[in-house]
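Protein chains in written order, with our numbering: chain A, 1 to 122; chain B, 1 to 122; chain C, 1 to 122; chain D, 1 to 122; chain E, 1 to 122.
Honestly, the hints are just simulated from the structure, not real lab data. All figures in this text were calculated on a predicted structure; none of them were measured in a lab. Among these hints, one or two may not hold up.
If several chains are the same, the list does not tell them apart, and a pair holds so long as it fits within one copy or across any two.
Stated by the list, open to error - Pairs of lysine-lysine, DSS-like flavour, derived with a Cα cap of 25 Å:
#1 K29 with K94
#2 K94 with K104
#3 K29 with K104
One letter stands for each residue in the lines below.
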Amino acid sequence: MAKLDTNDWITLNVGGQRFLTCRTTLLLKEPGCMLARMFASQEQSMMPSSQDSTGAFCIDRSPKYFEPILNYLRTGNLIIDPNVNPEGVLEEAKYYGIDSIIPKLESLAHTHTVPRDAKPLT
Amino acid sequence: MAKLDTNDWITLNVGGQRFLTCRTTLLLKEPGCMLARMFASQEQSMMPSSQDSTGAFCIDRSPKYFEPILNYLRTGNLIIDPNVNPEGVLEEAKYYGIDSIIPKLESLAHTHTVPRDAKPLT
Amino acid sequence: MAKLDTNDWITLNVGGQRFLTCRTTLLLKEPGCMLARMFASQEQSMMPSSQDSTGAFCIDRSPKYFEPILNYLRTGNLIIDPNVNPEGVLEEAKYYGIDSIIPKLESLAHTHTVPRDAKPLT
Amino acid sequence: MAKLDTNDWITLNVGGQRFLTCRTTLLLKEPGCMLARMFASQEQSMMPSSQDSTGAFCIDRSPKYFEPILNYLRTGNLIIDPNVNPEGVLEEAKYYGIDSIIPKLESLAHTHTVPRDAKPLT
Amino acid sequence: MAKLDTNDWITLNVGGQRFLTCRTTLLLKEPGCMLARMFASQEQSMMPSSQDSTGAFCIDRSPKYFEPILNYLRTGNLIIDPNVNPEGVLEEAKYYGIDSIIPKLESLAHTHTVPRDAKPLT
Numbered sequence: 001m002a003k004l005d006t007n008d009w010i011t012l013n014v015g016g017q018r019f020l021t022c023r024t025t026l027l028l029k030e031p032g033c034m035l036a037r038m039f040a041s042q043e044q045s046m047m048p049s050s051q052d053s054t055g056a057f058c059i060d061r062s063p064k065y066f067e068p069i070l071n072y073l074r075t076g077n078l079i080i081d082p083n084v085n086p087e088g089v090l091e092e093a094k095y096y097g098i099d100s101i102i103p104k105l106e107s108l109a110h111t112h113t114v115p116r117d118a119k120p121l122t
Numbered sequence: 001m002a003k004l005d006t007n008d009w010i011t012l013n014v015g016g017q018r019f020l021t022c023r024t025t026l027l028l029k030e031p032g033c034m035l036a037r038m039f040a041s042q043e044q045s046m047m048p049s050s051q052d053s054t055g056a057f058c059i060d061r062s063p064k065y066f067e068p069i070l071n072y073l074r075t076g077n078l079i080i081d082p083n084v085n086p087e088g089v090l091e092e093a094k095y096y097g098i099d100s101i102i103p104k105l106e107s108l109a110h111t112h113t114v115p116r117d118a119k120p121l122t
Numbered sequence: 001m002a003k004l005d006t007n008d009w010i011t012l013n014v015g016g017q018r019f020l021t022c023r024t025t026l027l028l029k030e031p032g033c034m035l036a037r038m039f040a041s042q043e044q045s046m047m048p049s050s051q052d053s054t055g056a057f058c059i060d061r062s063p064k065y066f067e068p069i070l071n072y073l074r075t076g077n078l079i080i081d082p083n084v085n086p087e088g089v090l091e092e093a094k095y096y097g098i099d100s101i102i103p104k105l106e107s108l109a110h111t112h113t114v115p116r117d118a119k120p121l122t
Numbered sequence: 001m002a003k004l005d006t007n008d009w010i011t012l013n014v015g016g017q018r019f020l021t022c023r024t025t026l027l028l029k030e031p032g033c034m035l036a037r038m039f040a041s042q043e044q045s046m047m048p049s050s051q052d053s054t055g056a057f058c059i060d061r062s063p064k065y066f067e068p069i070l071n072y073l074r075t076g077n078l079i080i081d082p083n084v085n086p087e088g089v090l091e092e093a094k095y096y097g098i099d100s101i102i103p104k105l106e107s108l109a110h111t112h113t114v115p116r117d118a119k120p121l122t
Numbered sequence: 001m002a003k004l005d006t007n008d009w010i011t012l013n014v015g016g017q018r019f020l021t022c023r024t025t026l027l028l029k030e031p032g033c034m035l036a037r038m039f040a041s042q043e044q045s046m047m048p049s050s051q052d053s054t055g056a057f058c059i060d061r062s063p064k065y066f067e068p069i070l071n072y073l074r075t076g077n078l079i080i081d082p083n084v085n086p087e088g089v090l091e092e093a094k095y096y097g098i099d100s101i102i103p104k105l106e107s108l109a110h111t112h113t114v115p116r117d118a119k120p121l122t
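Given the sequences, and given the hints that come with them, work out the whole structure.
Written out as structure tokens, the structure reads:
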């Protein structure tokens, strides 16, 4: 089996943390979203993002809340851990234009609005 | 004692995070799973995965939910921390074809479906 | 599209952890804050902070509690995860002079003062 | 004061994550355990473990559950954070042969067996 | 403004994780503690600690529980996240000789002693 073209693999430097993914992951699930448009062209010179010294594409956003977004593009399922605030993921879904998960995230963020620690005092 | 052949050690770059393991860990516990098939051959040229600049094999999946999967291949026990959503691990078990843990993960994920934060408001 | 000037991207080494961001993120949201003043000048020789061997600007503060601060400068929303103590974020907001979020953080920190683990014993 | 012999410092690559420790930490607390036997000899050629490209000794185990094990060897106290499943630490204590903490871990793991998320549904 | 003397910045390799701080942070808050004594001299040859290949000073202790200790030296406030066991921080405060926070940590650790997961079964 031949090795994959390195052009098919993309490393993103999101706010200082590196994520490895395939170009197709960014393109196929939500073709209209910002990530799909950023990496639609195969020519690196056409890409609108800076690259750091290791060749990773720079994105000035939170890495923590990007993680479930990227995982959604990989698997088609939105999965959020108990210690992650869904409001943070909602903010990123809006920024990247992943419209299909915004309603679910808005519902989760609404439920989450009452701070946990406040509850026992009320 | 002689050093182990470096061919016996494999570094995986799963979604941007590196994991170190032995080839035998990937092969023996679930011989039919995707990881076992990926690394069955001793010849690197036969491996179907790209390697990054450090020689780690690239996998376009979540590192967080891969962690308990790899640990299961090492120990034979499926262990999930309180702050990890079992749905994420289930997704990876299906992807890698680790069939033996899917029923347990489906049961855990089902229990987890009711979001924690929603509970106090009902 | 041309690549962005690398002078527009800034890497911060906050207490040992690297954060990648744009200069404009640090300048625009709170123009009077310490980070805005630190990076107001385009000339690196004018910047009052040391750089480490990779060129990242050194800041002797907690990286964990800086994360929601930087994210606030990016998005305009203050988002704190359940496992993060808001007192830590409050300390950083005061240090960096992000005055707009101090009242909200003081309120969250006040609520958080009663330690969680103490509650079931009272 | 002279610098310590670098031979006294050991870096372990446990499943992909690096841990720095002193040889004496591995040898003294539990002289019969696997780690003590691995690093008993001062000659690197006698050590039964592979080294990665940075000279760290490779161990094919979970880094997360190794952390409290190594800390126990340093301090003599077994300390587990709320978000860590004690079953994972128990598995490692058995693997490394740290017999002195196995009873406490078995007790903690037994208590932990009922999954947290299942509780509110019963 | 001139750049700071690099001698004023210190990188610590605590158990495998790097922390960046200023010498003055280590010296001023608790002048009698071990860290203050370690870095009191400006001459590196006088420092009693080994340095790793990047020049970071090696300390064979837990990085996780050192984090709130270092943050206390920076800010004067002891802040612990919900998912961190205060017993771990207490152990480090004793080791480094940060006497001013030991009573508060002993109180927090005492409260924490009853394991969370045990509670619902009693």
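For each hint, the structure was consulted:
1. K29 with K94: For K29 and K94, the Cα distance is within 25 Å both inside one copy (16 Å) and across copies (19 Å).
2. K94 with K104: So K94 and K104 pass the 25 Å test inside a copy (12 Å) and across (24 Å) alike.
3. K29 with K104: within (17 Å within a copy, 29 Å between copies)
Violated hints are absent here; each numbered hint is respected by the structure.
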